[in-house]
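With the hints as constraints, model all of the structure from the sequences given.
Here is how the chains run, residue by residue.
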Amino acid sequence: MSVEIDIHGVGKIFGQGSAAFQALVDVSLQIRTGEFFTLLGPSGCGKTTLLRLIAGFEHPTSGSLKIAGEEVAGRGPNQRPVNTVFQNYALFPHMTVAQNIGFGLRMQGRPRAEVEATTAEMLALVRMEAMADRRPTEISGGQQQRVALARALAPRPKVLLLDEPLSALDLKLRKEMQSELKRLQSETGITFVFVTHDQEEALTMSDRIAVMSAGRILQLGTPHEIYHAPTGRFVADFIGDTNFIDVTVVSVDGDRAIVTLPGGASRPARLPEGFRPVIGETVTAVVRPEQAQIAPDGGDMAAMLVDSVFFGTDTHLHLRLPDGQPFTLRRQNSGDLPVPSPGATVPISLAPDTLRVLKG
Amino acid sequence: MNHESHGWKWLLCAPALVLLVVAASGPLLIVAVYSFLSQGNMGGVAWEFSLDGWFRVFLTRDIFDPENVSLNAANLQVFWRSIWLSLQTTIICAVLGFPTAWFIATRPPSSRALWLFLITIPFWTNLLIRTFAIQELIRNNGVLNNTLLWISIIDEPINMLFTDFAILLGMAYVFLPLMVLPLYAAMDKMDFRLVEAGYDLYASRVRVLWHVILPLVKPGFIAGSILVFIPSIGSYVTPRVLGGGRTMMLGNLIALQFGQGRNWPLGAALAMVLLIIVTIALVFYLRAVDREGGRPNG
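Chains as they are written, first to last, in our numbering: chain L, 37 to 396; chain Z, 105 to 402.
No lab work stands behind these hints, which were simulated from the structure alone.
Wrong hints could be hidden among the right ones.
Said to hold, decoys possible - With the C-beta cut set under 10 Å, the calculated list includes, among others, these residues of chain L facing chain Z:
hint, residue
1, A91
2, G92
3, H95
4, G99
5, G112
6, P113
7, V118
8, F122
9, Q123
10, Y125
11, L127
12, F139
13, L141
14, A190
We treat Cβ as the ideally placed atom computed from N, Cα and C, and that holds for glycine.
Written out as structure tokens, the structure is:
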């Protein structure tokens, strides 16, 4: 698979002297042609800055940035084969929907016939044919979103950049636009770089995700890898719900270790790549709430039930481990199962191969 | 809400209403009535209906042959000059005001107030004094000519005072803030991400200016133009001080009729014509705003 965007050692500092703020720290990253790539992180983590560097609105303080094999340093946004869908859509209020969509093509100096044909094609692609002559203020938020997509896709960019494009929509519309985005991406074959702080959005839509915090990329991988094999505490905590358990290392063998759980039972746990803890060291391990269940017999640990919350499809049991740490267990309500009463001791078993040790 | 509190609100409006009726509508009505009366002997008006004032605005009778009626070229020329100078002033203010407003709108929010404050400083000084200051700057042995002579750019002073150039300079100087402020307001409302969007969609800087920024700040241009054009066309002090007696504008012509001319009906009719020109300009403005209507910035 070829590389569309090659970011190497990119740093970005805003301001100078004591007011200087380092938005990106030595970011290296390769985005592949045709993939749906997501930059995920809390606000202020540098994801939007990285997107603006690719678009050309900002210029890196250090490092190199290649798009389609060409170094783009010094090139403005109008000289890059990249288009942006802005968070608030940024549709031109003085133009109709069709004029908005055709804007990029007109600025490229394409012949009028081509502009009209492509505009019509794009209107059909986002199912907005009926709204062609409306103004952006005369259509709904979801429709504005579609127009913004069509406008950015019309010049056939190599890469489409999306800056939290769904954050302004209500839940139902957001779900609709998520599948719409996936459809557009597979129909056009264009590389999508998507910025979001919504981990669920990132997990459902992306081919690969880069989790960012404080200007760095903490982990890069498929949604599956990010969810099931977080390497650090931040990623484990940011993506989904997680139980952190302090365990003691008994033995290490390759990428596996035997650890002692609170309560004394020894169980196997996976180690992150390139991490070898010392025997006897206390490390943090994680297990997802749905990977634990109430054991019919002794189980792996015994915990005290603090309270339980009924969510319909499942019930969350908030427990306390023997060493005092909190632990959440998510039980599917496949039948009308009895819930233990608070204060009761509940035996817990962990699904095989789910316990993972975190780096640091 | 009860009746009593409603009455109170009217009472609160009353001083302003009285002032508006007495100070604005009253004199206007008097001027309108005067324009249809006959000329008094020692100035003033005689209470006798006459269309003579209106007649003389546009036409003139031969002194020796009262049957020989022709267009009043002198008055029409003043009309034309007033409109033309005001249009030029508006254009100069727009050309100078746009970059100024842009500069202020792109400063960090904390320093914008200071720049706007600086723009309004000239209003602190009396208009007449500021206009005499310009006279001092541009007269033949004034600061500007002396400097140019001293650095040998010119060999003899350029005659600037008492020309149309002087009037334009003075009016553009006086009315520039009235263009900058509404332009700034329009730019302040503008969503700068639209500029980025234009730039992202392959537009060069010039084309972003032309296709995105100018259409978006158009309401500011329209408001600024009307704020500059209307006082320009009626201005009195600037053409008087900087144009000398030679270049007259409508304001001066009207003042002349009420003063030395002692033809109050003609002065009143000229004032009414000025009012009509301003009204026409305002109608154009309102229609332009209407077309912009329902199209918020950003």
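Structure-based check of all given hints:
About 6 Å separates the beta-carbon of A91(L) from the nearest beta-carbon of chain Z, less than 10 Å, and the hint is met. Interface restraint check for G92(L): the shortest CB-CB distance to chain Z comes to about 8 Å, inside 10 Å, so the restraint holds. Annotation: interface hint on H95(L) violated; nearest CB of chain Z at approximately 14 Å, more than 10 Å. Restraint check, G99(L) versus chain Z: the minimum CB separation of about 22 Å is more than 10 Å; hint violated.
With a cut of 10 Å, the hint placing G112(L) at the interface with chain Z holds, because the nearest CB-to-CB distance is about 7 Å. The interface hint given for P113(L) holds, since its Cβ lies 4 Å from the closest Cβ of chain Z, which is under the 10 Å cut-off. Annotation: interface hint on V118(L) holds; nearest CB of chain Z at approximately 8 Å, less than 10 Å. With a least beta-carbon distance of about 6 Å to chain Z, the hint placing F122(L) at the interface is held under the 10 Å criterion.
A cut of 10 Å between beta carbons decides the hint on Q123(L): the least distance to chain Z is about 8 Å, and the hint holds. Restraint check, Y125(L) versus chain Z: the minimum CB separation of about 9 Å is within 10 Å; hint holds. Interface restraint check for L127(L): the shortest CB-CB distance to chain Z comes to about 8 Å, inside 10 Å, so the restraint holds. A distance limit of 10 Å between C-beta atoms decides the matter here; for F139(L) the minimum to chain Z is near 5 Å, and the interface restraint holds.
The beta carbon of L141(L) is positioned within 10 Å of a beta carbon in chain Z (closest approach about 8 Å), and the interface hint is therefore held. Nearest Cβ of chain Z to the Cβ of A190(L): about 9 Å, under the 10 Å cut. The hint holds.
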